[in-house]
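In case you want the letters, here they are:
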Amino acid sequence: MVIIHPNDPSTRFLTCITEELVGQKKTEITCIQWDLFPIEVNLDAIQKVDQCRTVLYMGHGGPEELNRGIDTSITVADAKRVFKNRKVILLSCNSADFLANMDNCYDVAIGFGNIPTSMQELNPADDLKYKHDNYRCISLYREGLVRIILSSLLEGCVVNSNFLELYHAIKLRINKAICNCSLSTDKSERLTGELLFELKKELTLIGNCQSLLVE
Amino acid sequence: MRYCLIIDDTKQDDEIIEIESLGKNAAFPISCYYFNPTAKECLREETKGDGTKEYLVDLDLVLAELRKRFSKQQLDLIATDYQFSDPLITGMDLVNYLKEQSWKKEAAYIIYSGDAHEIKEKLQSRIKTIVDDREALNSFIEGYYDLNPVRIFKRSTKREDSHIDHIYEFLKKNKTPLNFKLSQKLNQHPERTFENIFPRFEGKPLKVLSELVMRNTEESDSFEDEFLDRCVDHFIELKL
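Protein chains in written order, with the numbering used here: chain B, 1 to 215; chain Z, 1001 to 1240.
For reference, chain B alone in the conformation it holds in the complex (with noise of 0.2 Å):
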């Protein structure tokens, strides 16, 4: 698996899904560093990677660009390049949408709707809903992200998973997170709750789904 994870404060919670999944010896990863070099040293750096590797971004995006640090990003069309006939997953945000403008390019991937990690993330009427008790919802969300990712990866890196029992394994922990959430009394438990509904609800998968996650 190729993991890239561009340096941006904001994103560093992420880090310890990358910590983990290189500490687990079962599958061979490798760390792409995006923002140390020009776009066209990173794009190369990608398409020399075996074909069969599965490409795990974690990062900020949108519909229309990943990111590659902080006010820098590759388009669709780049992307379209390097991720052509590839298996990919792309933690970021409004990924479901930046996958649905390649075309179909790729060879399976996973995407995902509106990921809210922080406050500044929420449009106004979110804002409204999800700042109580100082957002903490936004850090339990973040928290539980990180364990549902992270345990579904592991699990598959484990059992040698295609595409679509990673994604039900996904759907699975998310499932089991709004569970947890729906038992509490807490109301900051049940805002993450609808969080996390939320992600799962946008949640995609797309593509040869029999593909395996690590060759």
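Please keep in mind that the hints were generated in silico from the structure rather than gathered at the bench. Computed from a predicted model, the values in this text were never measured in an experiment. Warning: the hint list may mix true and false statements.
Stated by the list, open to error - Capping the alpha-carbon separation at 25 Å, the derived lysine-lysine pairs in BS3-like fashion look like this:
id, chain 1, residue 1, chain 2, residue 2
1, B, K25, Z, K1239
2, Z, K1204, B, K176
3, B, K201, Z, K1204
4, Z, K1185, B, K176
5, B, K187, Z, K1204
6, Z, K1239, B, K171
7, B, K176, Z, K1239
8, B, K26, Z, K1239
Unchecked claim - Facing chain Z, a subset of chain B residues (Cβ under 10 Å, in silico):
id, residue
9, V41
10, E155
11, A169
12, L172
13, R173
14, S188
15, R190
16, L196
17, E198
18, K200
Ideal Cβ placement from N, Cα and C applies to all residues, glycine included.
Dock chain Z against the given chain B, drawing on the hints supplied.
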């Protein structure tokens, strides 16, 4: 467990024991209930021309009594006799009425009768009057099971061909769809509200959701899909 309601104006104690025993022996548990539509709670008083009083089965009162006793009870099958002591009302009238009122529409209705041939003859006559009218025939066929029983069994006095076996066999062969069971389960707590995290449905009374899952709409599918998704995942143990 399957649940059956037998509607008959003669007591069905022995029959119920026998059906439940058949189920127990086959490791297919069945629980039966009995309802008498000619009981006094279901009768209205009318004065005849000569001044005497008579008591007639009132379908509204029958429905009220059924609701009182069985609204929260899951039922997979409602089996009714065709002939009652009140000659003005038949089991077919009762089934038509209950289905028209959408009472337990998720359950299957069957009729048993010693005069099953008479019922079928009436049906045949009805079809004969419309067989040459394509629209009427089509409408009749499409709407038939909305208001009519799914089966009409002959009731014999001989044990080997009694309605008991028909009821048992019907329960064994016909699986109640999951949304029917879910609807009935939700209706066991009609006034309680759905408080789980599912924004579209949070706060809704369970009786509303009970009716929803019986409809064929996007909203119904959305609820059922999420419900099943959460339920199944709830029972899975994660090792990692």
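Cross-check of the supplied hints:
Of the supplied pair hints, the one linking K25(B) and K1239(Z) holds, its CA atoms being roughly 18 Å apart against a limit of 25 Å. Annotation: proposed proximity of K1204(Z) to K176(B) holds, straight-line Cα distance about 22 Å (limit 25 Å). At most 25 Å may separate the alpha-carbon atoms for a hinted pair to count; K201(B) and K1204(Z) meet this at roughly 20 Å. A distance of roughly 23 Å separates the Cα atoms of K1185(Z) and K176(B); the hinted pair therefore holds under the 25 Å criterion.
With a C-alpha separation of about 19 Å, the suggested pair K187(B) and K1204(Z) falls inside the 25 Å cut-off, and the hint holds. Simply put, K1239(Z) and K171(B) have alpha-carbon atoms about 15 Å apart, close enough for the 25 Å limit, and the pair holds. Straight-line distance between C-alpha atoms of K176(B) and K1239(Z) comes to about 13 Å, which keeps the hinted pair within the 25 Å bound. With a C-alpha separation of about 17 Å, the suggested pairing of K26(B) with K1239(Z) holds against the 25 Å cut-off.
The beta carbon of V41(B) is not positioned within 10 Å of any beta carbon in chain Z (closest approach about 36 Å), and the interface hint is therefore violated. At a threshold of 10 Å, the smallest CB-CB gap from E155(B) to chain Z is about 5 Å, leaving the interface hint in force. Hint status for A169(B): holds, given a least beta-carbon distance of 9 Å to chain Z, under 10 Å. Against a cut-off of 10 Å between C-beta atoms, the interface hint on L172(B) holds, since the closest Cβ of chain Z lies about 5 Å away.
The beta carbon of R173(B) is positioned within 10 Å of a beta carbon in chain Z (closest approach about 7 Å), and the interface hint is therefore held. Hint on S188(B) is violated. Least Cβ distance to chain Z is approximately 13 Å, over the 10 Å limit. Evaluation of the R190(B) hint against chain Z yields a held restraint, the C-beta minimum of about 7 Å falling below 10 Å. Nearest Cβ of chain Z to the Cβ of L196(B): about 8 Å, under the 10 Å cut. The hint holds.
With its C-beta approaching chain Z no nearer than about 9 Å, E198(B) sits inside the 10 Å limit, and its interface hint holds. Proximity of K200(B) to chain Z holds as hinted, the smallest CB-CB distance being about 8 Å (cut-off 10 Å).
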